Amino acid sequence: MDSLANEAAPESTTSPETIIAPTAVAPKLKKVTIKLKNIGDAPVLKNKKLIVKSTDTLASLSKVLRKLLNLPLNDSLFLYIDNAFAPSLDCTFESLSRCYSVRSTGDEVLEIQYSITPAYG
Amino acid sequence: MDYEVSRKVWESQVPVQFTLQAGGPLGDPLPFYTMLPRFTYLALALPKALSSFNRRDSGDPILSEKVWLEVNGSPVKMYVPIGVIYDQANLLENDAILEISVKTTQPPETFQMVDPDMVKAMFMQTVKEADYLKTKSDITNSMMVDEMPQLWRSITNNNFDEYWTMVQKLMDPKDGKDFTHVPLRVYVKNQPFKQALITLKHPNGSLRTIGEAVSDVLQLSPSSEASTPTSESSASSGATTSSTSPNSEERRLISHGIDIPAHTPLIFASKNLSYPDNFVHIVIASN
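The listed protein sequences correspond, in order, to chains P and D. Residues in the first sequence are numbered from 1 upward in steps of one, following the UniProt record's numbering. Residues in the second sequence are numbered from 1 upward in steps of one, following the UniProt record's numbering.
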């Protein structure tokens, strides 16, 4: 499970980055490191660290996580940031990482909690 | 907060047309026309459109869980404020009608049907996210259990007075503290929205403008630290240079159907031009 990106279904909402301005950052494919933690009765993952493409959305993580946890489609799965709120599923990891990544042991990591029941209102 | 500005923003509406393409022996029903507040959601507006379609004498009623919605040939997000969808559809110049196609075919994978309960839950999480950015969740944590549902009710009932009472609690913290970061989403055509950590002020204490904030979110400023995108935008000491980049002059910042002057202080935009979800939604248009 070193590269989740290959497995994640491509999101059609994320189109290849178009050049907005000459000064824009080169569209180099960036990766985001995610650390997952279960809440409540949600099963623990063997591998808690995942690497995803920055253009992927939270919805694609939700899909992959369902597979890893063997959750049927109609079972609910909730994803939280900092045990505080559930970000919009169409948010990209680029935006999530820019807003909510934390630095632990030098590397920037996006910590996401998952639950099979609503945990924070 | 400015009562008059907030009230004007609340009262703005957009013309919307729903058409049903169901085929069948009766042909398609007449389109359903309506004016919708910019702050509301398609998830809330759809039932009314469907009941208009279902007023016909015969034929099976169209159920909301069996349809999907399209704008300009693409599946539409039912949990994005209608005003943002309208501004993205590029209809501003001639006050055109937002045309929503209601389809009964197999929905594409990218479409998500959102019912009123789901959009309520999503809305509340977005308000929480906004508060996390503004106050590290201080305000929402101290709110009473029924206050968030009350904010939602003000939307479903189109009740400005109720909204005004609730939104002041979220926007004007009692302790008078500044927002840590400003909840801002920027929409560039055919791209997912962008969001970043944006502070109210520059390191030297001067107020950040909405134009500078948008440049920071889009990482257009040459001084923004592209190599470390998670670093706070306040780190870019020469942020004022962003307003002089050639790109930002042709760029238009649209919200609530109006051109927001780039020099508008970010704090004013956040307090007065946010949608009820407490985010400022800026759609980028070019001349």
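There could be a bad hint or two in this list.
With a cut-off of at most 27 angstroms between alpha-carbon atoms, the simulated DSSO-like pairs for lysine-lysine come out as follows [as the list claims (entries may be wrong)]:
id	chain 1	residue 1	chain 2	residue 2
1	D	K169	D	K189
2	D	K103	P	K63
3	D	K136	P	K49
4	D	K66	D	K169
5	P	K35	D	K136
6	D	K66	P	K63
7	P	K63	P	K30
Keep in mind the hints are simulated off the structure, nothing from the lab. Just so you know, these numbers come straight off a predicted model, no measurement behind them.
How the hints compare with the structure:
no., hint, result
1, D/K169 x D/K189, "violated, 34 angstroms"
2, D/K103 x P/K63, "holds, 25 angstroms"
3, D/K136 x P/K49, "holds, 25 angstroms"
4, D/K66 x D/K169, "violated, 39 angstroms"
5, P/K35 x D/K136, "holds, 21 angstroms"
6, D/K66 x P/K63, "holds, 22 angstroms"
7, P/K63 x P/K30, "holds, 20 angstroms"
In summary, the structure is inconsistent with hints 1, 4 from the numbered list given earlier, while agreeing with the others.
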